[in-house]
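Protein chains: 2
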Amino acid sequence: MREPAKHSTRTKILIAAATLLGEDPTSRLSVRTVAARAGVSVGSLRHFFPTQQALIDTVIAGIYDLDIPDDPMQDTTSDPSDRLVACLQLLLSQVGTGERARDHWRAIHDVYVASPPSADATHAFVALERLNVHRIARWLSTMRDEGALAPGDVDVQARFLSTVVNGLSLERALPGDRERLAFEVHTLRTAADSVLQRRT
Amino acid sequence: MREPAKHSTRTKILIAAATLLGEDPTSRLSVRTVAARAGVSVGSLRHFFPTQQALIDTVIAGIYDLDIPDDPMQDTTSDPSDRLVACLQLLLSQVGTGERARDHWRAIHDVYVASPPSADATHAFVALERLNVHRIARWLSTMRDEGALAPGDVDVQARFLSTVVNGLSLERALPGDRERLAFEVHTLRTAADSVLQRRT
DNA sequence: ACCTGAACACCGTTCAAGT
DNA sequence: ACCTGAACACCGTTCAAGT
Chain A
1 MREPAKHSTR
11 TKILIAAATL
21 LGEDPTSRLS
31 VRTVAARAGV
41 SVGSLRHFFP
51 TQQALIDTVI
61 AGIYDLDIPD
71 DPMQDTTSDP
81 SDRLVACLQL
91 LLSQVGTGER
101 ARDHWRAIHD
111 VYVASPPSAD
121 ATHAFVALER
131 LNVHRIARWL
141 STMRDEGALA
151 PGDVDVQARF
161 LSTVVNGLSL
171 ERALPGDRER
181 LAFEVHTLRT
191 AADSVLQRRT
Chain B
1 MREPAKHSTR
11 TKILIAAATL
21 LGEDPTSRLS
31 VRTVAARAGV
41 SVGSLRHFFP
51 TQQALIDTVI
61 AGIYDLDIPD
71 DPMQDTTSDP
81 SDRLVACLQL
91 LLSQVGTGER
101 ARDHWRAIHD
111 VYVASPPSAD
121 ATHAFVALER
131 LNVHRIARWL
141 STMRDEGALA
151 PGDVDVQARF
161 LSTVVNGLSL
171 ERALPGDRER
181 LAFEVHTLRT
191 AADSVLQRRT
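Chains A and B, in that order, give the protein sequences. Note that the working numbering has the first sequence beginning at 1, numbered continuously upward. Note that the working numbering has the second sequence beginning at 1, numbered continuously upward.
By construction, these hints were calculated from the structure, which means they are not laboratory data. Backbone N, C-alpha and C define an ideal beta-carbon position, used for all residues, glycine too. A hint or two may mislead.
Stated by the list, open to error - Going by beta-carbon spacing under 8 Å, a handful of chain B positions derived as facing chain A:
#1 Thr97
#2 Gly98
#3 Arg102
#4 Arg106
#5 Tyr112
#6 Val156
#7 Val164
#8 Leu168
#9 Pro175
#10 Phe183
#11 Asp193
#12 Leu196
Could you build all of it, start to finish, from the sequences and the hints given here?
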């Protein structure tokens, strides 16, 4: 086949936006600058991304979903801190970003916050959350075996990390999520390090 | 005497902005609308508030600073860790618990999550959050002066703590909140200690 | 020092018009 | 269906000019 650089207009736009964001993470990604960089008219951009929010959500989601390996805990070659951060990022990735994150919290809200949840729904939620905490606790146990974990109750540490992930995933659904991107990894790092043995 | 409405131009601007915000909490508070409502030129507005950010920050701060009880940070008799935990609990207490916490998140959801992120609401939200982080950062600066703070960027540490508080206040509105309450203080303690100088 | 309003360089969105 | 670019109604900031 070949069709060498036959990028669709949509793809060209996304590449242009990602490039601009790479050059300047604080870029506003305005219609005209993105369109110009993509070599496309603003009308054409609007055809694929009817609103500016749609464009930004799409490109941000693409960046988030770049590299997520599938069992970060097993990669014993890397730093314990790095591994734990990768695990937490895995949890975060399930919530998604932009409109997907909003969908996630919309569903949570409708079932558990909008009106008093049924006993069944409450039970399901608690079970799900327990599973989540348990998953984190298993990761922490691995680190404990390696002597990398700080002393303390693993369950308390796991709940703490769960809360941090909850906070971050919530913030992904709230305004300003794009600007917070740069701080997300720092927050995860701070959280991870606080349950790990302090470097001496 | 009387001098009936002898408000200074600066005050008139702030009143106009606050009024607009009262009429519509998602108002963008643009230069022209605020200036028009205040019966003042945009140049005059700019004279007192050189930047739009300055205007918004000032009016938000005015609303925010209405009810701030005593600052736990001033109680130098207690442990730095205890003091920071008390400050974070202060933030948490504003959300309340149980039905009040659910009301809180219902409101947040309706404005920011239910309908696609309106660019109008975004500005107000970001300003409010910035103020919140700023408040935490001020507490951390105090601790830094005492040599109690761990090295690192204060803004990153403040954002981390803000995320933890967000996560906890969210969890207060979700099922299982009564059981989680017991872990809350542990989570706050873990978060606080992670930005404080490790005890030696 | 305070205040004016025009001017500038942007912005997101819409839309008649082309292919 | 895809694409164009002008037009519209905004935006924040600057600034010569007045008092």
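Status of the hints after comparison with the structure:
1. Thr97: Since the shortest Cβ distance to chain A is 14 Å, the answer is violated.
2. Gly98: Status violated, d = 11 Å.
3. Arg102: 5 Å, holds
4. Arg106: OK, holds: arginine 106 of chain B within 8 Å of chain A, min 6 Å.
5. Tyr112: 5 Å, holds
6. Val156: Holds - the Cβ of valine 156 of chain B comes within 8 Å of chain A, reaching about 5 Å at its closest.
7. Val164: Nearest chain A Cβ about 6 Å off; hint holds.
8. Leu168: Hint holds; leucine 168 of chain B Cβ to chain A Cβ min 6 Å, cut 8 Å.
9. Pro175: 4 Å, holds
10. Phe183: 5 Å, holds
11. Asp193: 7 Å, holds
12. Leu196: 10 Å, violated
Comparing the model with each earlier hint shows violations of hints 1, 2 and 12; every other hint is respected.
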